[in-house]
Amino acid sequence: MSTVTHKTSRRNFLATAGVGAASLAATVAGAPRTARAQGKKWAGKTLHVQFWSGPEGENIIKHVVDPFKAETGAEVIADYGYTSGSIAKLRAQKNDPQIDVFMMDDIGVYTTAPEDLLTKLDLSKMPNAKDIDPNFVVMDGLGIGFFTYTDSLVYNTNYFKTAPDSYEMLWDPKLKGKVAVPTSEQMDAMKLLIAAAKLSGGDQKNIEPGFKKLAALKPNIHSFISDFAAAGELMKSGDIVLVFMATYLWKEQQMKGYPIKPTFKIKEGIYTTPACAVIPKGHPGPQELAELFINRALSAEAQVGMAQGLWYGPTNRKVKFDDPGITANLVMPDNFKSVVPVDVPALAKVRQDWITRYDQALKG
Amino acid sequence: MSRALRAWRGTARSAAPYALLVPALAFVVFLLMAAVFLLRYSLNSWSPTTGMISAWSIHSYVKFLSHPYFVGALVKSMRLAFLVTVIALAIGYPVAYLMSVSPRYRNLITILVVAPLIMDVVIRAYGWIVLLSNGGLVNVAIRALGLTHEPVKLLYTQWAVVAELLHETLAFMVLPIAAVLQKIDPSLREAGGTLGATRWKTFWLITFPLSLPGVLAGTFLVFALGMSAFVGPLILGGGNVTVMSLVIRDQIGVTLDWPLGSAMSIVLVTLTLVLLFFYGRLIQAGIGRNAMAVQTRR
Chain P
1184 MSTVTHKTSR
1194 RNFLATAGVG
1204 AASLAATVAG
1214 APRTARAQGK
1224 KWAGKTLHVQ
1234 FWSGPEGENI
1244 IKHVVDPFKA
1254 ETGAEVIADY
1264 GYTSGSIAKL
1274 RAQKNDPQID
1284 VFMMDDIGVY
1294 TTAPEDLLTK
1304 LDLSKMPNAK
1314 DIDPNFVVMD
1324 GLGIGFFTYT
1334 DSLVYNTNYF
1344 KTAPDSYEML
1354 WDPKLKGKVA
1364 VPTSEQMDAM
1374 KLLIAAAKLS
1384 GGDQKNIEPG
1394 FKKLAALKPN
1404 IHSFISDFAA
1414 AGELMKSGDI
1424 VLVFMATYLW
1434 KEQQMKGYPI
1444 KPTFKIKEGI
1454 YTTPACAVIP
1464 KGHPGPQELA
1474 ELFINRALSA
1484 EAQVGMAQGL
1494 WYGPTNRKVK
1504 FDDPGITANL
1514 VMPDNFKSVV
1524 PVDVPALAKV
1534 RQDWITRYDQ
1544 ALKG
Chain E
270 MSRALRAWRG
280 TARSAAPYAL
290 LVPALAFVVF
300 LLMAAVFLLR
310 YSLNSWSPTT
320 GMISAWSIHS
330 YVKFLSHPYF
340 VGALVKSMRL
350 AFLVTVIALA
360 IGYPVAYLMS
370 VSPRYRNLIT
380 ILVVAPLIMD
390 VVIRAYGWIV
400 LLSNGGLVNV
410 AIRALGLTHE
420 PVKLLYTQWA
430 VVAELLHETL
440 AFMVLPIAAV
450 LQKIDPSLRE
460 AGGTLGATRW
470 KTFWLITFPL
480 SLPGVLAGTF
490 LVFALGMSAF
500 VGPLILGGGN
510 VTVMSLVIRD
520 QIGVTLDWPL
530 GSAMSIVLVT
540 LTLVLLFFYG
550 RLIQAGIGRN
560 AMAVQTRR
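Residue numbers (this note's numbering), protein chains in the order written: chain P, 1184 to 1547; chain E, 270 to 567.
Derived from the structure by calculation, the hints contain no laboratory data. Accuracy of the hints is not assured; some may be wrong.
Calculated lysine-lysine pairs in the BS3-like style (CA-CA distance at most 27 angstroms, straight line) [as the list claims (entries may be wrong)]:
| # | chain 1 | residue 1 | chain 2 | residue 2 |
| --- | --- | --- | --- | --- |
| 1 | P | LYS1357 | P | LYS1450 |
| 2 | E | LYS332 | P | LYS1546 |
| 3 | P | LYS1532 | E | LYS332 |
| 4 | P | LYS1381 | P | LYS1361 |
| 5 | P | LYS1395 | P | LYS1532 |
| 6 | E | LYS422 | P | LYS1359 |
| 7 | P | LYS1503 | P | LYS1520 |
| 8 | E | LYS345 | P | LYS1444 |
| 9 | P | LYS1520 | P | LYS1448 |
| 10 | E | LYS422 | P | LYS1357 |
| 11 | P | LYS1444 | P | LYS1361 |
| 12 | P | LYS1401 | E | LYS452 |
| 13 | P | LYS1344 | E | LYS422 |
| 14 | P | LYS1501 | P | LYS1388 |
| 15 | P | LYS1439 | E | LYS345 |
| 16 | E | LYS332 | P | LYS1272 |
| 17 | E | LYS422 | P | LYS1546 |
| 18 | E | LYS422 | P | LYS1401 |
| 19 | E | LYS345 | P | LYS1395 |
| 20 | E | LYS422 | P | LYS1361 |
| 21 | P | LYS1359 | P | LYS1381 |
| 22 | P | LYS1359 | E | LYS345 |
| 23 | P | LYS1361 | P | LYS1401 |
| 24 | P | LYS1448 | P | LYS1501 |
| 25 | E | LYS422 | P | LYS1419 |
| 26 | E | LYS332 | P | LYS1395 |
| 27 | E | LYS332 | P | LYS1388 |
| 28 | P | LYS1546 | E | LYS345 |
| 29 | P | LYS1381 | P | LYS1303 |
| 30 | P | LYS1532 | P | LYS1303 |
| 31 | P | LYS1395 | P | LYS1361 |
| 32 | P | LYS1450 | P | LYS1361 |
| 33 | P | LYS1344 | P | LYS1401 |
| 34 | P | LYS1361 | E | LYS345 |
| 35 | P | LYS1401 | E | LYS470 |
| 36 | P | LYS1303 | P | LYS1313 |
| 37 | P | LYS1503 | P | LYS1444 |
Isolated chain E, as found in the complex:
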C-alpha cells in the first residue's frame, strides 16, 4: 500500500465522524434560516388590504406587547407550561425512581411511558374527548362514586389540556431523570444508611441532589413543549384555552398578518429561551452548592 493511499485513508477515517454531523448541521441551518426569515418578517409592516409590506419597523412588536389580549395569551401559555411541568415532575419523578431501583420492571415501565408517543397527537386528543366528556369514563366514575349527581364539565377546560399535555410529555420528564438516577452509585445511598440516615433523609440529601441534572433536562423539555403546545389546546381547549400557538396561527393563517405572527413567534421563543436559561443557571447553582456541601462533609 502506497504512503499516499495510507495517508488518504487516515484522513478519511479522521473526517468520518465530522461527515456524520452533516445531516444535523443541515437541520440546524434550515432551522436557523427559518428563524432569520421570521425575524425579518416581524420587522415588515402590514395592511389588511395589501398584506405584508417590506419595511423596517418594530410596529408588530409594539402591537403585540401593548395589547392586553395578546399579552394575556402569553401569560396563559406560561401558566399552562408551568403547571404541566410541575405536575409532570411530581408524577414523573416517582416513576423514574421506580425504574432506577427496580431493574426487573424497568423495561415494562419504559414501554408504558413511551407508548403514548407512538400514537398521533390528534388521536390521543380525541381519546381524551371520549374520556372527559359528560358521558365519558371519568364522569361516569365520579358519579358512580357518589361524588356528584350532575356531570362535571371537564372537557374544554384548562385541565383537559393539562391532562393531554401530561400524556404527551411525561416520557420527556421520566426518561432523563431515570437515566441520571440509574447512574448514581448505590454505595452512596448505602453509606448514608450506614451513617444513620433514614431512607427519607438519604433521598433528600443524596439521591435528589444528584438527580438534579436529570430534573433539569426533563423540566427543560416539558416546559418548552408546554409553551409551544398546539393540538392539545386546539382540540381539548374548545376555544376556552387561549394560548400563544393558537393566537399565532390566527395571525399567520387567518388574518394573514405575517409580521405580527412572526413578532409573536420571536417573542415566544426568546422568552422561553430566557426563562430556561435563568432556570438552568438556578439549578446549576443548586447542583454546585450540593457538590460543595458533599465535599465539606467529607
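Isolated chain P (complex conformation):
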C-alpha cells in the first residue's frame, strides 16, 4: 500500500490560500468548456453541491472541486451554507431536491437520516472509501467523513510558557476576563458544555453539573467568539490568552506569526468532529457523478491538500505527514484514542435547550 506523504512550507500555504478565491470563479466559469473540448466522459453534465463558505469552502474548491472538474469534465455549481442551513435545505427540498451532494458536520447526517432524506452510499463505487478509517462511515454508510476538525485549547504563547494540559485551566482565577469561548450556536459550545460536565463529575447524559460549572466560568469570560479575525487580534494583544475552540480556525493568524498555538495534549481528551459527504434521496444529477465527487473528497491527495490548506485532519489512513508544522496542528487517525466520544444523535435532540441554557449560564 503506497503512502502519500507531503511536507508543507509557508510558501505552499500562501499559494494554497491565495488561489482559493480565484478558483471559486474558475469553478463556475471556464473549466467545463475546456473539458468538453477535450471530450471527457462527463463533459456537459452538472453536479450541484453544497458546503461551507469562506476559507473552508475555498479549501474544498481547490482540493476537491477543481481536480474533480479536471478529471471528469463535469461542471460543478456550488451553493454555500453551514450545517444548519444544509439541514434546513434538505428538509425544504424534500419533495424536489436540487442538490446532489451535501457536505456538512456529522450532526447533519444524524439529524436528517431519521427523516429518510439521505441515500445510502454505495461504497463499492468509491474506490477511496476502503482507505477511510471505519470510524468515519456514519450511520451505516448514509454519510462518510472526508476531514475532521478538533475542538481543544488554543493559547497565547506569550502568556503560557508551557501548553495548558487541562480544560480546568479555563477556570483559573488568574485568567479573570482573559478567556474566550464559542458562541452558543456553534457546535464547539456543546463540546465545551460536555467538557465542563465531565470536569464536575457529570457527562453528556448527566449534563446538569456542566451548566453549574459553566456559570462559574463567567468571571473569566472576555467574549464569545464568532469573529475569528477580531479574536486573533485580541489573542495577539494578550486581551485573550486562552480559548476553547476549533483549532484550525487560527491557522491564518499563526502563519502571520501571532503568539497563538493549539494543544491536543489535554488530560480530559479532545473533541473531534468529522465533516461528512451525503447524497440526498431523489437528487437531480447522475448518481455515478455524485459518487465520483465524494470519491475525490475521500482521496489521499485531496485530504493532503485540505490538511495543508487549513489543517483539516484526514480520515484517509493512507495520509501521513512528517512535517511537525502540520502534525502539531491537526489530529491524525492514530490519535483518535484521545478523542472524547460524543453521542451526536442524542445531542441533536437536546441541542436547542442546551443552546439556551449555555447562554443563560454564561450570560444570565
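Since chain P is already given, all that's left is putting chain E on it; use the hints.
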C-alpha cells in the same frame, strides 16, 4: 383630436399618480405576505428530529414568554433601543437646531450627519473595534489624559453597541427634527423676545413644543432601528449583549425552530408597534396641549 382620444388622455393623466404607487404597493404586499407567513409559522409546532410540523398551536408563544432567558433578551432589546433613542435625541437635537439657525453650515452638517450611512454597517462596526479595543484610540486617549493606567474594557460591552447604533441612527434623529425646526416661523421666536422672554424661555415655550412632530418622527425611527439592531450587537457585543435579533437568528438559523423564531419576531414587531403607538399618542397629546396653550395665551 377626437373626443375619445382626449378622454383617454384625461383618464391616463389622472391615473398616472396612482400608477406611481405600484412599486410601493408591491413592496407593501410582499412585506405583508412575509408577515403573514411568519404569523402562520409561529402557530406550527416543532420537533428537534423532524423540524417544523404543520399545526395550530400557541406553544411557541408560551415557550418564548415563559422562558426567563428569552424574556430577558426582550427586555435588553428594549433597554438598548431606549438608551440609544435618548442619547440620539440628546446629541441630535442640538445638531438639528444648529442646522436650522445656521443656513451657512447646513449643507456641511447634513453631509457629516449622513456620511456614516454611506458606509456599510459591517465596515462601520469594524471601525469601532479599532477605536474601542484595549490598544485603540479611545483607550490611548484615556491613558494619555492620566484617567487610568490600565486599559478600560470598552469593546464587547453594551456601550460599544450603543456607540455603533448612535453612529448608525443619528441621521434618522437629526434630519426630521431639523426639517421641522427649519419650518418654524422666526417671527414667533422674535415675538417671544419682544415680549421679554429670555432665549432659554423662548426655546422651551416656543421652539421645542413646535419641534415635537420632528422629535416624534426621529425617536420613532431610532427606537425601531434600535429594537431590530443585529450587526452592531453581533460584532461589537462579542456575545455579551444578548438582544432579540440574535436570539431569533439562533432559532431560525441554528436550531431551525422556525415556529419559535417566528413567534419571537411577531412579538418583537407587535411590541415595538404598540410602544410606538402609545408613545405617539403621548407626544400628540403634548402637541395638542401646546397648541391650546398658545391659543389661550393669544
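LYS1520 of chain P paired with LYS1448 of chain P [C-alpha distance capped at 27 angstroms]: Given pair LYS1520 of chain P, LYS1448 of chain P holds - Cα atoms ~12 angstroms apart, limit 27 angstroms.
Pairwise hint evaluation, LYS470 of chain E against LYS1401 of chain P, where the allowed Cα distance is 27 angstroms at most: violated, 51 angstroms
Proposed proximity, LYS1381 of chain P with LYS1359 of chain P (alpha carbon, max 27 angstroms): holds, 22 angstroms
Distance restraint between LYS1344 of chain P and LYS422 of chain E, which requires alpha-carbon spacing of 27 angstroms or less: Since the Cα atoms of LYS1344 of chain P and LYS422 of chain E sit roughly 26 angstroms apart, the hinted pair holds (cutoff 27 angstroms).
Hint consistency between LYS422 of chain E and LYS1546 of chain P [alpha-carbon to alpha-carbon, up to 27 angstroms]: holds, 17 angstroms
Satisfaction of hint between LYS1357 of chain P and LYS422 of chain E, Cα-Cα up to 27 angstroms: It holds: about 17 angstroms lies between the C-alpha atoms, which stays within 27 angstroms.
Proposed proximity, LYS1313 of chain P with LYS1303 of chain P (alpha carbon, max 27 angstroms): This hinted pair holds, its Cα atoms lying about 16 angstroms apart.
Holds or violated: LYS1503 of chain P to LYS1520 of chain P, with C-alpha atoms at most 27 angstroms apart: Between LYS1503 of chain P and LYS1520 of chain P the Cα gap is close to 17 angstroms, so the pair holds against 27 angstroms.
Proposed proximity, LYS1546 of chain P with LYS332 of chain E (alpha carbon, max 27 angstroms): The given pair, whose Cα atoms are some 20 angstroms apart, holds under the 27 angstroms limit.
27 angstroms limit on alpha-carbon distance, applied to hinted pair LYS1361 of chain P and LYS1401 of chain P: Distance of about 11 angstroms is within 27 angstroms: holds.
27 angstroms Cα cutoff - pair LYS1381 of chain P, LYS1361 of chain P: holds, 23 angstroms
27 angstroms Cα cutoff - pair LYS1357 of chain P, LYS1450 of chain P: OK: LYS1357 of chain P and LYS1450 of chain P at ~20 angstroms, within 27 angstroms.
Against the hints set out earlier in the document, violations occur for numbers 8, 12, 14, 15, 29 and 35.
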